[in-house]
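First to last, the sequence lines map onto chains A and B.
In terms of our numbering, the first sequence opens at residue 1 and continues consecutively.
In terms of our numbering, the second sequence opens at residue 320 and continues consecutively.
Keep in mind that a hint or two might mislead.
As the list claims (entries may be wrong) - Beyond 10 Å from chain B on every Cβ pair, some chain A residues (computed): (1) 61; (2) 107; (3) 150; (4) 203; (5) 284.
Unchecked claim - Covered stretches of chain B (chain A as the covering partner; in silico rule of three or more C-beta atoms under 8 Å from a C-beta of chain A): (6) 377-387; (7) 399-409.
No lab work stands behind these hints: they were computed from the structure.
All residues carry an ideal CB built from backbone N, CA and C; glycine is no exception.
Chain by chain, the residues:
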Amino acid sequence: MLQIRKAPIAAGMLFILIFPWAADRIPGIDHYPDVMIFAGIYCLITIGLSLLMGYAGQISLGHAAFYGIGAYVSGILTTRYGFDPWLCMPIGALAAAAVAVAVGAPSLRLRGHYLAMATLAFGVIVNIFFREQRQWTGGPDGMTGIPGLSLFSFEFDSILSYYYLVWGIVAAAFFFTIALIQSPVGRALRAIHTSEPAAAAMGIPIARYKIFVFAFSAMLASLAGSLYAHYMNFINPGTFDLFFSIKLVIMMALGGMHSIWGALVGAVLVAFLSLEWLHFFEQFEILIYGAILLLVTIFLPEGLAGLPAKLLERARRPS
Amino acid sequence: MRHPWFIRAAQRMNSISFATQVLQFIVTGLTVGAIYAMVAIGFNIIYNVTEIINLAQGEFVMLGGLVMVFMHVSVGLPLVPAFLSTIFLVMLVGIVMDRLGIRTIRKPSVMTLIIATVAVSIIIKGVAMLLWGKSPYDLPAFSGRTPIQLGGVVVQPQYLWVIGFLIVVAVGLTYFFNRTILGKAMRACADNPSAARLVGIDVEKMVLLSFALSAAIGAVAGMTMTPIALMDYDRGAMLAIKGFGAAILGGLGSFPGAILGGLLIGLIESLGAGLLLSGYKDAYALIILLAVLFVRPSGILGNLQVTKFKRF
Chain A
1 MLQIRKAPIA AGMLFILIFP WAADRIPGID HYPDVMIFAG IYCLITIGLS
51 LLMGYAGQIS LGHAAFYGIG AYVSGILTTR YGFDPWLCMP IGALAAAAVA
101 VAVGAPSLRL RGHYLAMATL AFGVIVNIFF REQRQWTGGP DGMTGIPGLS
151 LFSFEFDSIL SYYYLVWGIV AAAFFFTIAL IQSPVGRALR AIHTSEPAAA
201 AMGIPIARYK IFVFAFSAML ASLAGSLYAH YMNFINPGTF DLFFSIKLVI
251 MMALGGMHSI WGALVGAVLV AFLSLEWLHF FEQFEILIYG AILLLVTIFL
301 PEGLAGLPAK LLERARRPS
Chain B
320 MRHPWFIRAA QRMNSISFAT QVLQFIVTGL TVGAIYAMVA IGFNIIYNVT
370 EIINLAQGEF VMLGGLVMVF MHVSVGLPLV PAFLSTIFLV MLVGIVMDRL
420 GIRTIRKPSV MTLIIATVAV SIIIKGVAML LWGKSPYDLP AFSGRTPIQL
470 GGVVVQPQYL WVIGFLIVVA VGLTYFFNRT ILGKAMRACA DNPSAARLVG
520 IDVEKMVLLS FALSAAIGAV AGMTMTPIAL MDYDRGAMLA IKGFGAAILG
570 GLGSFPGAIL GGLLIGLIES LGAGLLLSGY KDAYALIILL AVLFVRPSGI
620 LGNLQVTKFK RF
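This is chain A alone, in the form it adopts within the complex:
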């Protein structure tokens, strides 16, 4: 994690760059760039979660709420008050961060997994508000007419342009997070991750760092929500429910909680699973997710990101 190898990053960026071009030429998957937009939006959330789960060692069961806060702040401010969509993104992110500090501060000062409970309860409450505050959110039916994004008279209205926009933002978040991990803040986070008592003994304010990471992950989720709202032009509360929070946990577990690469891989895989591959198994969808989550937790605790190292080790020691 400490050493950032350049080769995988270059390969990943090349893949993202040529993916729409390649998908267009392979029959049957020419609509995959559309799925990849959602995958990119999920990636933004899981990058934040990888800091929270991998470094702060805390689990959030309510991140769908922050995703929803971003989407609804964008939706409400643009459709009802005529705000510029670009302005809504930082407003939503700041709102999400403020809420995250309020929810996270009391529970993160305790040891243990009070944050899991606080976020679980918080996610349910926020979803109820989305459903019930009809005059603001449109209630269970949701809200329509959210404008798309444009920049200097360039409209991000095609799948291709939105694809590059979303993945550009994902890349920015990715590099920012890597820079963060390598900064003094990141050093403190790594110390907390290695041993909390030792970090505390060295004078690192553990609770404050955990709250910071939680707020940062909430901001990324909110940004993802804004991007979702401006792409779909329509939002409803069902998108931001408890099951989505659990899907985020599945993305993290599948990809690997301790690696930012794992966060990306898990998000892309679950995006394709939920939007493409599990369509035919609707009855079994919940069951399949549960089975994936349990099997990964039992047999692949490091997630898919831990797989190469594991295989390498096995290859080196053939016994």
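Use these hints to put chain B onto chain A, whose structure you have.
Leaving out everything else, chain B in the frame of chain A:
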């Protein structure tokens, strides 16, 4: 013009006296609260022995209700055999969960264990959906549905069954944990697993027992609540959230706290839905819970020292 909530509430019930109405909400709230208290007790049993927060606890309740419907209505077993066989089956699910889902984890950290319980809960929910479909099921009340009138307040006989079973569970567990060797062994695991192992206690067996016991109590909660509130495959998550909320409100790990927390959450919910906006029914108790976490993070009866020095 919108009046304040108490005027609107008063207008809504101009025919019945306000006091009677409030009393009715309190009776309903205590009943619902007794269910939450049983879920919270189930959380505490597993938490005390293993420090796992078993988020599949709500699925035990859901299974209890649906298996009871199957045994009592579909198979046609009489009440008592159906009741006992349901407890047995759900206990079996709890045991299988521990064996296949929890003990097989190679690097158990609290986070992976929580995730594993989430996984098990989705699997149980998915299986229940395949077996019973998405429609809710009713169960005949244990002793009929002729309501008892108590000075204008309507009490369903089933309410008494629910509260009665909470008392039975509480008294039974108090006896079990304080007076029996097995119960004391389980408490020893809770205090210090390594020391418990040194004095010859089979910790693995105690963990298994805690899952079986929690599943059984969850099943009792599910069976007693189904005649009042129906049951469908999707109930587990919300029940787990409320029950866990009750456990934290009362102080995680404390049994009197679980009962107090459960009854409080039931009361807040019932009074909130009755007197304020009913759409926010599920939110009131959780908002209070977050507020309590804010001012007194250890819960009402919890001990902050204990909270701080738990192993994880």
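Do the hints match the structure? See the list:
1. 61: 8 Å, violated
2. 107: Incorrect as stated: the minimum Cβ-Cβ distance to chain B is 6 Å, not above 10 Å.
3. 150: Holds, since 37 Å exceeds 10 Å.
4. 203: Residue 203 of chain A is indeed farther than 10 Å from all Cβ atoms of chain B, at 19 Å.
5. 284: Given a closest Cβ separation of 7 Å, the condition is violated.
6. 377-387: violated (count 0)
7. 399-409: violated (count 0)
Going through the hint list in order, the structure does not satisfy hints 1, 2, 5, 6 and 7.
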